[in-house]
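Engineer: Sequence:
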Amino acid sequence: MPGDTGRATGRITSLDRDDGRVTIDHGPFEGIAMGAMTMSFALMGDLELTDLSEGDDVIFQVKRGRDGSHRIMEICSIPANGRDCPDQETVYPHNPPDQ
Numbered sequence: 001m002p003g004d005t006g007r008a009t010g011r012i013t014s015l016d017r018d019d020g021r022v023t024i025d026h027g028p029f030e031g032i033a034m035g036a037m038t039m040s041f042a043l044m045g046d047l048e049l050t051d052l053s054e055g056d057d058v059i060f061q062v063k064r065g066r067d068g069s070h071r072i073m074e075i076c077s078i079p080a081n082g083r084d085c086p087d088q089e090t091v092y093p094h095n096p097p098d099q
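Quick note on numbering: the sequence shown equals residues 1 to 99 in UniProt numbering.
If you are wondering where the hints come from, they were derived from the structure by calculation, not from laboratory data. The beta-carbon is built from N, C-alpha and C at its ideal position, and this holds for glycine as well.
Label pairs and their calculated CB-CB ranges:
1. Asp25 x Glu74: 17 to 23 angstroms
2. Thr50 x Arg11: 15 to 21 angstroms
3. Gly55 x Gly3: 27 to 33 angstroms
4. Arg83 x Asp18: 27 to 33 angstroms
5. Gly31 x Arg83: 21 to 27 angstroms
6. Asp51 x Arg7: 14 to 20 angstroms
7. Gly82 x Gly3: 24 to 30 angstroms
8. Ala33 x Arg83: 25 to 31 angstroms
9. Ala42 x Arg83: 26 to 32 angstroms
10. Ser53 x Gly27: 15 to 21 angstroms
11. Asp4 x Pro79: 27 to 33 angstroms
12. Arg66 x Arg11: 25 to 31 angstroms
Could you put together the complete structure from these sequences and hints?
Structural biologist: Here it is, written out as C-alpha cells:
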C-alpha cells in the first residue's frame with residue numbers, strides 16, 4: 001500500500017515565486033503511487049524557491065495533505081547543489097556530477 005510521502009526526480013518547467021508553486025516534469029515516485037507526468041506543486045511551510053531556476057534538474061520529496069493534494073516538503077537543485085543533494089545515486093547511478 002502506498003504511503004503519504006514520496007521522492008522523485010524531474011526538471012522544473014515553471015516557477016511561480018509569488019504563489020509558492022513549482023511545475024515539474026517528473027518521473028515516477030518512490031513511496032507513493034504516482035507515475036511520471038508534469039504537475040504543479042505547492043510548497044509546504046517556509047520552503048523557498050530561491051535556489052531554483054526553470055530548467056533545473058531536481059530531487060524532491062512530497063507529502064500528501066488531508067485534502068489529498070501533494071506538497072513539496074524538500075527540493076534540491078542538482079545544478080546548484082550537485083553532490084549535496086540527497087539520493088544522488090537515484091539520478092546518477094554510474095556517473096555522479098563533479099561538483
